[in-house]
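Enquirer: Now for the letters of each chain:
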Amino acid sequence: MDDLQSIHRLLEHSADRTPDATVIEHGEQRLAYAELEAESNRIAGCLIERGVVRGDRVALLADNGPQYVAGFFGILKVGACCVALNGANKTRTNCLLLEDSGAVALVTRALQVRSDLPDLVAASPALHTVVIDRVAPSWSLPDRVTVLAAADVAAVTDSRPEIPSELDDLCAIIYTSGSTGKPRGVTLTHRNLAANTRQILAYLELNADDSVLSVLPFHYSFGKSLLLTHVAVGGRIVVDNRFAYPANVVDNIEQSRVTSFSGVPSTYAILAARTDFLERPWPDLRYLTQAGGAMSPSLQRRLRETLPDRIDLFVMYGQTEAGPRLSWLPPERLAEKYGSIGIPIPGVSLLVKRPDGAECDVDEVGEVVASGDNIMQGYWNDPEETAEVLFDDGLHTGDLGRRDADGFIWLVDRVKNMIKAGANRVSAKEIEEVIAEVDGVQEVCVIGVADELLGEAIEAFVVPRPGSGLEANTIQQHCRENLALYKIPRTVQFLDALPKNSSGKVLKKELRLDS
Amino acid sequence: MDLHEKIKAYIVENFLFGDLEPLKDDAMSLLDNGIIDSTGVMELVAFLEGDFGLGIEDEELVPENLDSVDNLVGFVTRKQAAA
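Protein sequence lines, in the order shown, are assigned to chains A and B.
Letter by letter, the first sequence follows residues 1 to 515 of our numbering.
Letter by letter, the second sequence follows residues 1001 to 1083 of our numbering.
The following block holds chain B by itself, in its conformation from the complex (with noise of 0.2 Å):
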């Protein structure tokens, strides 16, 4: 599975259980669609710090890294190339 499809499945399973229909389409605010709330965005981050190994510096809790499957795959791809 690439890093897409892994960040896209957590979030259909963990948010939406299974459900792929709301994500209608990558670029989508994931906050301002209701499918996350604030406790889901602490839940993310423990998801890509835990699963990807990332460390996530606290300035970096921002919608333009974590708010749209486009926005985590664009943020993850970064911190991966810069680790």
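Chain A with its partners taken away, still in its complex shape (with noise of 0.2 Å):
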């Protein structure tokens, strides 16, 4: 039989189990299940009032915090799937995921909109209401757009909504980058998420007495299934989202006693680096993880070798397309293993296969290829680009490894053309796309090159129009303008022209020698 249930019902679960324990902490916010639970009902009842039925698209656009988590699950509540935004964005982004996804609400925060709201209301035509905590009287919004401010949300009932859904029905779009350049929209249902929540907890063996505070956003896809599964048993969650002042974090994640942390590399690297992360004796910690992205075995050995043993530190992979958690390493076979990114995790079949479908011998490089209730379901109205990563066998992941005699992976290359800058996977193309917008731009190729902190920088070489004067700083500027600050490349270097093989392709391979 299927027990597996809808997300919003793990919200349920926790606030009919214990209303009172604290779910979310943020500064000086504090939140017991029952109240994230009531809170997230009104959002649904403002939403249902206006018409938003089982199937819509409601964007969500919030920081972390409360009101994200009460944006998010209220959307579930109705049946509707939520496309949560990246605050990061340049608003010209934001607005082409909006139109994209066709969202019909959108639940966010007047700090977080500022002016901008205009615009993304005028970017997506179906879109016929706000929910938002205060408006500002400078906004001019179409008729068609109704607004529900904080006041509005409190008039509505909390109680819980009943809307049946199923298990099949989409739950969140998450816009990551492709290889075209165009944003794609990653569509994971209710059973995708719930079984992923459920692989995850089985092997970190959370319990409602754990904690983890958090400073990877919640619409990122590892920022979700902290989320997902500290509310799946009752946990709590500190929420932190100044990471760029780590001392801060650092005694916040010992005032708050929670008994977990989790980042991407660069998180550890700057914790190393930069705090005395590594002499505390934590002692309410039980274990961190690490994903998005791979950390340099160098680290994990410090890491390892520099906290106390009873910390268990769980190195862990996965793709956006898979909810995202595909494969992790046990702690206790860290030491013999860095830098592979372990065994699958239960639920999940990870296989390393040749061109012709056929699994790899041990130690043979191939692709690995990812299949569970956990894989997506495509992309938002893109089958072209689907039908390159969904086959018969699962998710093609574009990531080149081997397995080891003992059944580890050890990923060795990228079959796509992607840089992955911090724990962002950024497409080439977009930024290439944008700066050929820039007058006097010839040819533009872009890189990843390594970098220590950030695993990729992003780097731009570029043919200059004869005569153009070019400078980089008109390109970088250009990029500001229109990229989100981890997309400007770092540098911009000037060619007479950049290297191509005979048929006219260019060889990236020789800039990052160059480079």
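Everything labelled a hint here was simulated from the structure, so no lab data went into it.
Bear in mind the structure is a predicted one, so any value in this text is a computation, not a measurement.
C-beta atoms are modelled at their ideal positions from N, C-alpha and C, and glycine is treated no differently.
Some hints here could point you the wrong way.
To be verified - 20 Å max Cα-Cα, derived EDC-like pairs, lysine to aspartate or glutamate:
hint : chain 1 : residue 1 : chain 2 : residue 2
1    : A       : LYS90     : B       : ASP1032
2    : A       : LYS182    : A       : GLU481
3    : B       : LYS1024   : A       : GLU481
4    : A       : LYS90     : B       : GLU1049
5    : A       : LYS420    : A       : ASP363
6    : B       : LYS1024   : A       : ASP116
7    : A       : LYS90     : B       : ASP1037
8    : B       : LYS1008   : B       : ASP1051
9    : B       : LYS1008   : B       : GLU1049
10   : B       : LYS1024   : B       : ASP1037
Claimed, not checked - Going by beta-carbon spacing under 10 Å, a handful of chain A positions derived as facing chain B:
hint : residue
11   : ASP276
12   : GLN477
13   : HIS478
14   : CYS479
15   : ASN482
16   : ALA484
Said to hold, decoys possible - Counterexamples of contact, computed for chain A against chain B with all Cβ distances above 10 Å:
hint : residue
17   : VAL153
18   : ASN248
19   : ALA450
20   : ARG480
Could you use the hints to bring the two separately framed chains together as a complex?
Expert: And the structure:
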């Protein structure tokens, strides 16, 4: 029997079991499960009153905090699919995503959208409702749009809406960079996310006494899995959105007495380099998790050898397309397998395959192919991109790897031309397209180069039009105006010509050697 | 170039690529206004350590020292006075 449940039921069950337990803390704000449940019911009630129905898409644009979480579960309670947008995106990008998703409503915060709300609304013709904490008098919005502010939400009943939902209903669309440069919407059903949540709980052995300090945004798949796993067990999530000041975060981990902390490789690189994270005794920490890209074996070793033995370090691997988790390295095997992504998580098959679909021999390199209940349905409205990664045998990850004799997988390269800057998958093509808009750019090529902190840093190579007098600053400034900060090339180099093969294809490897 | 000008010029050059307009005043938060992110803060620290020869302690990486032009100028001034 299928005993998985819809994602909002995770909150409802925990609210029924432990209504007074704290679910989320953010600065001075602290919400109990019953309070979060009530607030998400009110948001759901608003959306229902406005005619939002099962199957609709509703966008969510908010920093991590109680508002995000209440909005997320409120959207799901209507039977709608949550399209969480990245606040670091430029408005131009979020406009594209709103339009692409066909969102009928937007749940957001005034501080988040500021003067850009009219642009966001104008970009999404299907949008008829905005739920927001407060309204700025300067916003001029079309008549089709109704704005509900905090007082309107507070006036709605907090009783639980009983909307039937199926496990195979869409739960979330998460936009991620695609190789074409256009963001792709990863579509995940309740089944996908519920299965992945259960799979993660099985190896982390979480329970209601567990808690995490999250510096990872909930719109990002790793952050989302922190949220869902802790809500599922009735645990506590402490939000800290200011990792830019890591010393404060380290103090917060200690003072909030969380049992775990999660980060991407650059998180740990910064903690190790610029805080006393490795020197503190951490009496409350039970474990750390790391995902979102490959952490260098030397940093893994340093963490393992410096932190107290009783703190488990879970190295994990996944993709947004898998909800996201695919593999874990059991902590007791870490010291013999530094650099491996480990073994498949329970309920997931992870095979290394040859191009003909046959499984590779031990230590033979092939593409990593994943299958399980957690694998996405495809990319939103994009059957062509979907057909490039989803096959009868599962999700073709685009990662090349090998399996050792113990069954542990080691990644060696990528099939696709993507840059992993920090934990962000960045499309070289997207940046190239933005740079190509700059007057005086004749040709451009963007690559990722090894970087101690970020894993890969972005570098742009530009062939200027003769006599254009083009300067690097002009290009970077244009990127800053049109791309999220993490997508701006760190350096711009000018060349007379790009290195190409006989068929005219740019030889990125040669550029990497030169940089 | 005095201290204030030097710090401001670094921010404008490295994070705004020469465009002064987003930096509306010297008290505004660099982080909250999207001028830098967490990687940018690390670059800023490397700049202060390199160009001013400051030894910056981990516990000094706080917004009160680093999150605006004014805070940066005050921080560097205090560090130089204590040196």
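Enquirer: Which hint numbers doesn't this structure obey?
Expert: 4, 5, 15, 18 and 20
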